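Heads up: the protein sequence lines correspond to chains F and H, in order. The numbering used here applies: residue 22 is where the first sequence begins, and numbers increase by one. The numbering used here applies: residue 35 is where the second sequence begins, and numbers increase by one.
Honestly, the hints are just simulated from the structure, not real lab data. Values in this document were obtained by computation on a predicted structure and should not be read as measured data. In this text, a Cβ means the ideal position worked out from N, Cα and C, and glycines have one as well. Check the hints yourself; a few may be wrong.
As the list claims (entries may be wrong) - Quick list of in silico lysine to any residue cross-link-like pairs, SDA-like style, CA-CA up to 25 angstroms:
1. H/Lys-116 - F/Phe-96
2. H/Lys-481 - F/Val-273
3. H/Lys-116 - F/Pro-275
4. H/Lys-224 - H/Ala-207
5. H/Lys-119 - F/Pro-65
6. H/Lys-68 - H/Ala-207
7. H/Lys-116 - F/Asp-164
8. H/Lys-238 - F/Leu-300
What the hints assert, rightly or not - Here are the in silico distance ranges between beta carbons for each label pair:
9. F/His-127 - H/Gln-112: 29 to 35 angstroms
10. F/Met-241 - H/Asp-156: 50 to 56 angstroms
11. F/Trp-217 - H/Lys-241: 51 to 57 angstroms
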Amino acid sequence: MRSNRVGWLLLAPTIAILGIFGIVPFLYVLYVAFHQWNPFGANPYMIYNGANNFRRLVFDNEFLTSIAFTLKFAFFAVLSEVILGYFLAQLFMKEFPGRGLFRTIHTLPLIVAPIVVGSVWRLMMTPSIGIVPYLLKSWFGYDLNIGRDATMAFALTVIMDIWHWTPLVTLTLLAALVSLPKEPFEQAQIDGANRWQIFWHVTLPMIRPAILATVFIRLMDALRTVDEVWMLTGGGPGAATRYLGLHIWKIVFPKTDYGYGSATSVIVLYLTLVMCWLLYVALVARRDQKRAS
Amino acid sequence: MKHEIRMGLAALAVGLLTSVMPAKADFWSDAGAKYKGVTLHGVTESTPPSNYIKDVLAPAFEKATGIKVEIETTSWDQMYDKAIKDMEAKTGIYDMVYIEQDIIYAYLARDFLVDITKSLKDDPSLKAPDYDETHFTTFANYFKNADGDLFGIPMEAFIKLYLYRTDLFNDPAIKEAFKKETGKDLVPAKTHEEYTQIAEFFTKWGKDHNLELWGTTAQAHTGHPASWYEFFESVAPTFGVYNWGIDASKNYSASVANGGTMNSDKAKAALKYWLHLRDIAPPESPASTWTEVATTFAAGRAAQGLVYGENAAWIAADAEKSKVVGNVGVALPPLEPGVMEDAEAGKGYIGYYDGGAFGLPITSKNKEASLLFLQYIGQDSVQGDWAVAAPRITNTATYDDPKVIEMDKKLNGYYTMLKNDGKLFAGAPPYPFHAQVREATAPIFYKILLGEVSSDDGLDQMAAAAEAELTNLGYRK
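Make a model of the complete structure from these sequences and hints.
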């Protein structure tokens with residue numbers, strides 16, 4: 022009984038912080054989502070409008086387009102980061118000259134603020150002043166213009182995200198790989214398993230929790246990305262890189278449509294939860310069920 | 035000898051008197067004494083005039099009053115984001131906010147700002163002797179309410195003007211080639227047809243001579259509202275489409291069918307004209323906002339262009355930043371027939387009179403100290419150096435400042451143009467829903483820029499979207 026009370030006491034600050042900065046704002050957003058509220062409208066006050074904001078979302082082409090682009094972005098970025106991160110983690114498991122230096126350099130993007138990453142990439146990519154368009158033109162005769170080429174703008178946001186966040190995946194997977202016991206690998210080798218079989222039947226199952234945690238973190242981040250993309254493309258050209266985070270930002274801040282923006286935020290949160298749940302079911306729950314049966 | 039003794043005694047007396055009498059403090063140190071230790075926080079867009087406030091006027095004010103001023107200069111979007119959030123949530127972080135001319139109506143509608151005129155009347159002890167509202171140019175009228183009370187101290191005012199390269203326009207070989215090709219003399223354009231002809235000529239000239247030179251600038255970003263603004267504030271008016279094509283007197287109509295002009299034939303002609311210019315502008319144009327347009331011109335990559343006046347001084351005179359120092363000419367924008375007559379009659383305008391003021395949020399926790407600072411930056415005495423550092427004029431007397439007259443020569447008469455022809459330009463229309471209509475229509479505008487929708491259809495869609503948004507906001511019944 023006493024230890025229970027001490028436990029709650031120790032948890033109290035965390036619960037209070039979570040309540041103040043997480044639960045209360047969320048409940049407020051949920052409340053606002055059921056209102057029409059634009060402070061620059063003819064009536065600047067909140068007017069209850071039921072589920073109208075949510076109904077409006079279903080027919081909002083810009084929102085639906087934004088979902089499609091965001092999912093595409095998240096898929097390519099997260100998948101590439103996990104694959105690349107795994108290979109880099111495996112590389113760092115090996116001894117080679119300059120490993121420490123290379124690992125430090127490889128980690129550097131992580132400490133750069135997203136807004137700075139976006140600014141630097143913009144400087145590098147802007148036609149006529151950026152080094153990348155200049156080199157592409159000089160070497161391959163290719164005109165890179167992120168103001169005109171929607172596909173290239175999309176690809177660059179993915180590449181920028183990969184550059185920025187792959188080190189996080191590498192570090193997480195490296196920690197997982199380092200902590201693995203040697204015995205299962207030795208046994209597999211004795212049993213004559215090849216490298217692919219060792220990877221598929223030994224390594225992957227053992228680091229699955231680390232991969233899952235990394236994928237969840239990166240997926241949630243990718244679904245709400247704003248700063249980097251805002252700096253690099255501003256959401257353009259057109260709506261090609263107007264991902265959900267940026268879309269919501271534009272509704273809430275420049276357009277000051279607080280009610281509709283809140284409804285959009287709630288739906289995006291719901292979508293994120295559903296996606297994570299689906300991923301969890303696909304990768305963990307089904308496997309556990311199989312084992313149990 | 036007696037005379038010398040008398041002089042010596044007099045000097046001694048004066049010396050003794052000055053050493054024993056307390057120094058007569060000036061208004062600023064007296065007024066600031068009450069607020070010593072206070073730190074004022076302001077947020078503004080990072081522009082040359084704002085940077086001057088941050089770097090020069092704020093430290094000078096602190097020296098004079100003991101009141102510390104911290105000015106946050108940030109991007110245009112962030113500036114609004116921070117200021118509106120602060121005033122909306124009533125957090126009182128900022129004591130001064132930058133009010134661009136086009137947002138003042140929205141701020142006034144929400145009672146975000148302190149009435150400066152009334153506040154100084156109510157507490158005369160705060161009124162600085164060298165500050166006088168009547169000293170401002172007529173641009174200050176944009177920041178007044180219906181009663182004539184001022185809600186923002188004008189801190190920048192400039193026109194978006196037509197800049198051209200005098201070295202290119204006066205080059206005998208180029209002049210001869212232009213004459214041969216077009217049959218005309220190479221002089222700054224007065225019509226859109228002439229402007230297009232010059233732009234096409236220089237783009238071809240650059241290509242033929244393997245130069246990094248194009249015929250015109252274009253503020254045509256495909257994902258930033260800068261392109262929307264260039265069209266509706268600087269190009270459409272020169273075709274006779276005013277107030278963004280929205281007619282407040284006709285139930286806030288935008289479409290021709292309902293009495294607006296956003297999708298009128300004139301607007302469609304204007305957009306086609308501008309899209310053609312965009313196509314022959316430097317390749318960075320689809321990624322260019324107002325900042326990049328200025329740097330493009332300063333880098334010598336364009337022969338002519340519409341450039342915000344706030345950048346004119348450094349482009350024309352700062353050799354560290356600009357490659358075209360001494361080679362910049364200024365002119366009025368090219369126009370369609372009838373537009374100048376409209377402007378002179380007060381029925382229209384020929385371009386954008388941009389600018390902003392520093393306002394005092396009603397939520398500020400240091401209103402009195404802020405009022406002192408606002409008056410400080412509004413005095414005639416600080417305007418001359420400020421105008422030289424950043425080409426903006428908000429006080430009538432500044433035009434006669436010797437430093438400004440000297441600078442005017444370097445800028446080929448920009449200040450003279452501002453003084454004489456400023457009345458032909460206009461700020462944004464007095465609507466409290468700027469950002470809302472812009473954000474509702476901009477996505478379609480970007481589609482037009484990308485060729486995903488034709489310019490004619492796009493403008494029809496934009497007019498419909500504007501009306502839908504105005505209905506949603508409750509302005510259109």
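Tested hints:
1. H/Lys-116 - F/Phe-96: Outside the cut-off at roughly 33 angstroms; violated.
2. H/Lys-481 - F/Val-273: holds (22 angstroms)
3. H/Lys-116 - F/Pro-275: holds (11 angstroms)
4. H/Lys-224 - H/Ala-207: Distance of about 22 angstroms is within 25 angstroms: holds.
5. H/Lys-119 - F/Pro-65: It holds: about 15 angstroms lies between the C-alpha atoms, which stays within 25 angstroms.
6. H/Lys-68 - H/Ala-207: Violated: H/Lys-68 and H/Ala-207 sit about 67 angstroms apart, past 25 angstroms.
7. H/Lys-116 - F/Asp-164: violated (37 angstroms)
8. H/Lys-238 - F/Leu-300: violated (56 angstroms)
9. F/His-127 - H/Gln-112: 29 to 35 angstroms: Given a distance of about 31 angstroms, which is inside 29 to 35 angstroms, the answer is holds.
10. F/Met-241 - H/Asp-156: 50 to 56 angstroms: Cβ of F/Met-241 to Cβ of H/Asp-156: about 53 angstroms, so the range 50 to 56 angstroms holds.
11. F/Trp-217 - H/Lys-241: 51 to 57 angstroms: holds (56 angstroms)
Hint check: violations occur at hints 1, 6, 7, 8; the rest are consistent with the structure.
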